[in-house]
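J.: Chains A and B, in that order, give the protein sequences. Numbering (numbering that gives the first Met the number 0) for the first sequence: 0 to 351. Numbering (numbering that gives the first Met the number 0) for the second sequence: 0 to 351.
Mixed in with the good hints, there may be bad ones.
It does not matter which identical chain is meant; a pair holds if it fits inside one copy or across any two.
Quick list of in silico lysine-lysine cross-link-like pairs, BS3-like style, CA-CA up to 27 angstroms [stated by the list, open to error]:
no.: 1; residue 1: LYS84; residue 2: LYS179
no.: 2; residue 1: LYS102; residue 2: LYS38
no.: 3; residue 1: LYS258; residue 2: LYS280
no.: 4; residue 1: LYS223; residue 2: LYS84
no.: 5; residue 1: LYS102; residue 2: LYS261
no.: 6; residue 1: LYS203; residue 2: LYS179
no.: 7; residue 1: LYS206; residue 2: LYS126
no.: 8; residue 1: LYS9; residue 2: LYS35
no.: 9; residue 1: LYS223; residue 2: LYS335
no.: 10; residue 1: LYS223; residue 2: LYS258
no.: 11; residue 1: LYS343; residue 2: LYS102
Think of the hints as simulated: they come from the structure by calculation, not from any bench. Keep in mind the model is a prediction, meaning the values are calculated, not measured.
Protein chains: 2
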Amino acid sequence: MRTILWEDGKVVYLNQRKLPKQLEYVCCDDYQRIAKAIKTLEIRGAPAIGVAAAMGLALVAYNSRAKGREELLRRLEQASCVLRKTRPTAYNLFWAIDRVNTKVASTPGTVEEVRSTVIAEALAIGKEDLQTNKMIGINGASLIEDGDVVGTICNAGWLATSGEYGTALSVIKIAHEQGKRVSVIALETRPILQGARLTAFELKQDKIDVRVIPDGAIGYCFSKRMIDKFICGADRIIVSSGGHVINKVGTNTVSIVAKHYKIPFYVAAPLSTFDFNSSLKDVIIEERDPREVAEIFGRRIIPEGVSVFNPAFDITSPRLVEAIITERGIIHPPFKKEAENLLKLKIRPLNF
Amino acid sequence: MRTILWEDGKVVYLNQRKLPKQLEYVCCDDYQRIAKAIKTLEIRGAPAIGVAAAMGLALVAYNSRAKGREELLRRLEQASCVLRKTRPTAYNLFWAIDRVNTKVASTPGTVEEVRSTVIAEALAIGKEDLQTNKMIGINGASLIEDGDVVGTICNAGWLATSGEYGTALSVIKIAHEQGKRVSVIALETRPILQGARLTAFELKQDKIDVRVIPDGAIGYCFSKRMIDKFICGADRIIVSSGGHVINKVGTNTVSIVAKHYKIPFYVAAPLSTFDFNSSLKDVIIEERDPREVAEIFGRRIIPEGVSVFNPAFDITSPRLVEAIITERGIIHPPFKKEAENLLKLKIRPLNF
Chain A
0 MRTILWEDGK VVYLNQRKLP KQLEYVCCDD YQRIAKAIKT LEIRGAPAIG VAAAMGLALV
60 AYNSRAKGRE ELLRRLEQAS CVLRKTRPTA YNLFWAIDRV NTKVASTPGT VEEVRSTVIA
120 EALAIGKEDL QTNKMIGING ASLIEDGDVV GTICNAGWLA TSGEYGTALS VIKIAHEQGK
180 RVSVIALETR PILQGARLTA FELKQDKIDV RVIPDGAIGY CFSKRMIDKF ICGADRIIVS
240 SGGHVINKVG TNTVSIVAKH YKIPFYVAAP LSTFDFNSSL KDVIIEERDP REVAEIFGRR
300 IIPEGVSVFN PAFDITSPRL VEAIITERGI IHPPFKKEAE NLLKLKIRPL NF
Chain B
0 MRTILWEDGK VVYLNQRKLP KQLEYVCCDD YQRIAKAIKT LEIRGAPAIG VAAAMGLALV
60 AYNSRAKGRE ELLRRLEQAS CVLRKTRPTA YNLFWAIDRV NTKVASTPGT VEEVRSTVIA
120 EALAIGKEDL QTNKMIGING ASLIEDGDVV GTICNAGWLA TSGEYGTALS VIKIAHEQGK
180 RVSVIALETR PILQGARLTA FELKQDKIDV RVIPDGAIGY CFSKRMIDKF ICGADRIIVS
240 SGGHVINKVG TNTVSIVAKH YKIPFYVAAP LSTFDFNSSL KDVIIEERDP REVAEIFGRR
300 IIPEGVSVFN PAFDITSPRL VEAIITERGI IHPPFKKEAE NLLKLKIRPL NF
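Please take these sequences and the hints and turn them into a complete structure.
T.: Structure follows, in structure tokens:
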């Protein structure tokens, strides 16, 4: 299954807000609609957001009536600016926009040539994401033993990426394909319930046994040794600080409790999630609409006039992370050095 | 405000399932209705459950047409058996039923005398609970400094007790009454949302500033030093094991994260919550209906066919607890010795 597709000059994406009740694909030809979809979590998950932003730029290029190269570049710059502002935390968003713009800048040529460059680069980002995720799964599956119960938070499956495998769930799916018996305990992941809605939906489709728990129950599950390993995705990994992992709020809580009970805590993420430029203090933790917490199905659960604090992410110390699973291999602390080495690796294009 | 009252041979209780939307008091004259109210969480909170069970026995005594003492004792025994089975974890339930039965056994006399003994003892348990909670607040308020932000989970306020102050929230309310500036960060407490629905409602009534967070956000709040102290209630404290605290699921998770960030973690509970008889392995952690997690407002959030694990409680190690605040004083580790000493204290009846 795919989350975002390019079809004859239109972008078709899966509206994740409607899941698991409804499998609704939205077709659009306007990058502003993509921006809105990212903001409202119709499109979510760091790799998927990156692909969507690139596809948004492809829409600009495809539909532009610019007469000259410079005019098209200005339109792309405007759209990049809008797309960058959709969400502040996930690094893949900025990585994908930068990648398209860098490619354009380094490609001389006419309007037509810029147009095809942007579209080709966006499609390449989407296609590579699929390959990358499969490699994450293949690399990570070596950590999974027959009979393992794996904990996970939020959704780091195909829904969070371009499609097919995902990141953290790719590890589980590949292990499952390899014939290992593996089952999952998924944190429901308030407030948006990505675990209950999306991870459960996805694993059920793949016939992998999954149980949902309230987020607070993770300590009890660890204490009863109900979980052998924990694997989550990431929205941004800060390399300069040694590998702080920014991910869905609750991840840091889980990582501390995992350490307490000596349960290995792994992060699965593509190199496009590694931020080699920012320092930890540059990171903006997005605070989202209080109504995400205060209302469920449009009905208020908290008394009127009571306020809410709704950070979308938190920060996990690299000291709590056993290893990070990437498409180029599994890295261990010190993550900074190992991540830099991975980047330097000369890798042949992957073929599947 | 009161949660449970005895009015002319009837029990009037506040239906907590309807809060914060509706303040509905239910009037009943049948102990089976009380049993059902405890099971379905219309009445909840360890001290409130204890008072309700005693009131249930009072209803049996009041309405019985037993001709002799023995017949009434048999009816009380039957009702005790039904009430004991309503919920397995909160100790106050068993403590209150035992207290009424022990009083009856040690009181010779006619049917009429047994009848009045049971009713008087049930009313005494309710009245003492109010006094006990106020003393917990007075003792605990010494720990609160001006400007403190206090974290709490579930609801350990007047709604969880006979009324007025509560246990953990009593500490906050008394500090507030003493003129200290104190505000609260309340975990919403999935799946039943007692924090979002009840604690927020209660503190708003008392004009104490409160913010609600998703349960997973506690690590982020601690990491940002947004919380100075954490105080929760308890459903049972196992004395023989050194003071393991059984409380709402999520409490253990919070206690581990609090320790990690060196945030003091306190428990506020009356001595009626201290189990001096059981060992840790005797404790039953209630698993509740999966629909509490899988459905919200009757709408399913998890795909059909996906299972749920819904433990209502978890177990916090005494090593993670800074102190336990009781009506007879604040105790520190080793809790076993200090709790036994508290029990031996000769205390004058409290007068308010």
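J.: Decide, hint by hint, whether the structure agrees.
T.: Here is what the structure says about each hint:
1. LYS84 - LYS179: neither (42 angstroms within a copy, 42 angstroms between copies)
2. LYS102 - LYS38: within (26 angstroms within a copy, 64 angstroms between copies)
3. LYS258 - LYS280: both (25 angstroms within a copy, 24 angstroms between copies)
4. LYS223 - LYS84: between (43 angstroms within a copy, 25 angstroms between copies)
5. LYS102 - LYS261: neither (45 angstroms within a copy, 48 angstroms between copies)
6. LYS203 - LYS179: within (17 angstroms within a copy, 52 angstroms between copies)
7. LYS206 - LYS126: Answer is within; shortest intra-copy Cα gap is 25 angstroms, inter-copy 56 angstroms.
8. LYS9 - LYS35: within (16 angstroms within a copy, 57 angstroms between copies)
9. LYS223 - LYS335: between (34 angstroms within a copy, 24 angstroms between copies)
10. LYS223 - LYS258: both (14 angstroms within a copy, 20 angstroms between copies)
11. LYS343 - LYS102: within (20 angstroms within a copy, 79 angstroms between copies)
Hint compliance for this structure: hints 1 and 5 are broken, all remaining hints hold.
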